[in-house]
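Number of protein chains: 2
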Amino acid sequence: MPHPTKKEDFPVSNVRHFLEPGPVVLVSSHWRKQTNIMTLGWHMVMAFSPSLIGCVIDTGNHSHALVHNSGECVINIPPASLVDAVVGIGNCSGREVDKFDAFGLSPGESEKIDAPRIEECYASFECRLHDDAMIERYNLFIFEVVKAHVAPSADEQTSLHYRGMGEFMLSGNAIDRQALFKSSMLV
Amino acid sequence: MPHPTKKEDFPVSNVRHFLEPGPVVLVSSHWRKQTNIMTLGWHMVMAFSPSLIGCVIDTGNHSHALVHNSGECVINIPPASLVDAVVGIGNCSGREVDKFDAFGLSPGESEKIDAPRIEECYASFECRLHDDAMIERYNLFIFEVVKAHVAPSADEQTSLHYRGMGEFMLSGNAIDRQALFKSSMLV
Chain A
5 MPHPTKKEDF
15 PVSNVRHFLE
25 PGPVVLVSSH
35 WRKQTNIMTL
45 GWHMVMAFSP
55 SLIGCVIDTG
65 NHSHALVHNS
75 GECVINIPPA
85 SLVDAVVGIG
95 NCSGREVDKF
105 DAFGLSPGES
115 EKIDAPRIEE
125 CYASFECRLH
135 DDAMIERYNL
145 FIFEVVKAHV
155 APSADEQTSL
165 HYRGMGEFML
175 SGNAIDRQAL
185 FKSSMLV
Chain B
5 MPHPTKKEDF
15 PVSNVRHFLE
25 PGPVVLVSSH
35 WRKQTNIMTL
45 GWHMVMAFSP
55 SLIGCVIDTG
65 NHSHALVHNS
75 GECVINIPPA
85 SLVDAVVGIG
95 NCSGREVDKF
105 DAFGLSPGES
115 EKIDAPRIEE
125 CYASFECRLH
135 DDAMIERYNL
145 FIFEVVKAHV
155 APSADEQTSL
165 HYRGMGEFML
175 SGNAIDRQAL
185 FKSSMLV
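Heads up: the protein sequence lines correspond to chains A and B, in order.
Heads up: the first sequence begins at 5 in the working numbering, then just goes up one per residue.
Heads up: the second sequence begins at 5 in the working numbering, then just goes up one per residue.
For reference, chain A alone in the conformation it holds in the complex (with noise of 0.2 angstroms):
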């Protein structure tokens, strides 16, 4: 099992570094007595600044609710040796286990909501609830990052890219491309 990693400050803007490729989170979520963790990838960027995320979150998980109601999460980026725990935690429900518990990971206390961070993830997100208008019609939760928390090694880990039917795809090798840019497009 990973130990927990430990994070700096990151800017809630730059997010996207992490996120844009698309790897599978783990979004923890945490209203009265509750506490949860689910695996999710349908997850979008959708602004720099404000720092905001689009996330599906079906009915059907009990992170839902605990979402919704406290209008709180954190988006975490899982490192591939955690696989086994990425699919344990999407394959049971929070209304039966205490995945915190069950898959061995430590809640870390976050700096800017109640939600807590999961410090065996190599970036850690706080999100506020932005904007609910398509929560009803789409299970669309528009969030704000209102703190990033990355470790110093997160370029360095493997991130899973889910695929459906049990099949992930690992992050591999970066290219690096700037020289191509106009400067007005390296952001």
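It is possible that part of the hints are untrue.
Since copy identity is lost for identical chains, a pair holds within one copy or between any two.
As the list claims (entries may be wrong) - Straight-line C-alpha distance at most 25 angstroms; calculated SDA-like pairs for lysine to any residue:
| hint | residue 1 | residue 2 |
| --- | --- | --- |
| 1 | K10 | G168 |
| 2 | K116 | S187 |
| 3 | K186 | L174 |
| 4 | K186 | G64 |
| 5 | K186 | F107 |
| 6 | K11 | E160 |
| 7 | K116 | K151 |
| 8 | K11 | R167 |
| 9 | K10 | R99 |
| 10 | K186 | G98 |
| 11 | K151 | R167 |
| 12 | K10 | D62 |
| 13 | K116 | L133 |
| 14 | K10 | E148 |
| 15 | K186 | G108 |
| 16 | K186 | D62 |
| 17 | K11 | E148 |
| 18 | K11 | M169 |
| 19 | K186 | D88 |
By construction, these hints were calculated from the structure, which means they are not laboratory data.
Since the structure of chain A is provided, determine the placement of chain B on it from the hints.
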């Protein structure tokens, strides 16, 4: 330069297999006499059936008006070998450049819509605008995939995943965890 890739019909409800891992896509559009291509990284699967995809297309992009006015586009997935075209397309405007011509790409006829496919891409998803309610506030287009075309070699292709600042991550190896899934979760 890559050659045009022959593609076959693919179930629209399963385009998540290619989009959920988060590749950079090329969005092709057509309205009246204008045709354009844009590079896009801000997209998300929103539903299987109907097959819904959310995309953020900023008003600064020439394609915004073409897609909005026509209510159509094609989401194409380029192989990594097209990376310089992907960058170039994102660094010039369709107001000034015929991008198919400038980047040596071949427009192919779509079946259900007027916007052209990009033949050099290994997957092309013909989309109709499904919901425009969030375009004004967030530039969020919710599309329905009405026809999908995928090359038989698609699973062996390397996709590009954008991190900002001119850096791309390449897709890596696949890992199979199907055996860990409850059968009801295998979609």
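Exercise for the section: Compare the structure with the hints numbered earlier in the document and write down the numbers of the violated ones, lowest to highest. Expected result: 2, 9, 12
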